[in-house]
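Student: Spelled out from the first residue to the last, the chains are:
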Amino acid sequence: GAVVSQHPSRVICKSGTSVKIECRSLDFQATTMFWYRQFPKQSLMLMATSNEGSKATYEQGVEKDKFLINHASLTLSTLTVTSAHPEDSSFYICSARTGSDGAQHFGDGTRLSIL
Amino acid sequence: AQTVTQSQPEMSVQEAETVTLSCTYDTSESNYYLFWYKQPPSRQMILVIRQEAYKQQNATENRFSVNFQKAAKSFSLKISDSQLGDTAMYFCAFMKGQGAQKLVFGQGTRLTINP
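Just so you know, the protein sequences line up as chains V and A, in that order.
Just so we're aligned: the first sequence equals residues 23 to 137 in the working numbering.
Just so we're aligned: the second sequence equals residues 7 to 121 in the working numbering.
Do not rely on the hints blindly, as some may be mistaken.
Not everything, but these chain A residues come out facing chain V in the computed CB check (under 10 angstroms) [claimed, not checked]: (1) Q12; (2) M17; (3) L90; (4) F97; (5) M101; (6) G103; (7) K108.
Simulated crosslink set (PhoX-like; lysine-lysine; CA at most 20 angstroms straight-line) [claimed, not checked]: (8) V/K88 with V/K42; (9) A/K76 with A/K102; (10) V/K63 with V/K36; (11) A/K76 with V/K86; (12) V/K77 with V/K42; (13) V/K77 with A/K108.
It is worth saying that the hints were derived from the structure and are not from the lab.
Cβ coordinates follow ideal geometry from the N, Cα and C atoms, glycine included.
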């Protein structure tokens, strides 16, 4: 149980393109999901907390207009990187918390490369 | 604000040996959770073990166990009979028991198991 699916796993696109990443909880409902960014050989940096049916809560320094988050259902949150530029290239990973064990379970991540 | 510190950037042991990864944290909360996550080269984030702060008994999961010292704010991970598949980055993480329930990660320890 507690499976989180993230899609796509890899994206390569041109500068100026908008990219949408999906995060789904497959076997549980998640009122809250989390989006992280990870640079090579570094820890995970929380970008925002995605709340079902309401606005996301962004961490300090994260541009909400650049990283659009939508959490329209109890099993799906999306992160859209708008007008992506090479500096947005990174590994993005989502997580969702289950009520049963209190832990956050992670998707497999998305490697985004902007040319 | 909570902080998590992993003082060992890298560790290396021989297969079948026992290894202990260190983690300390700082918080004024009384109700919280602690976790160890494993991130192999595939970059999946895999939950290894969790501990609730109110439980005095140390958590164990097969070859993985923790030494939770609440007063010292220490949460080390012991891996017994280490296997080649244990090679990964290991992240210690803290989560408050209430509120936003965001994960705060340590810097990570890169563990290599040598044949």
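Student: Any of the earlier hints contradicted here, and which numbers?
Tutor: 2, 3, 10 and 11
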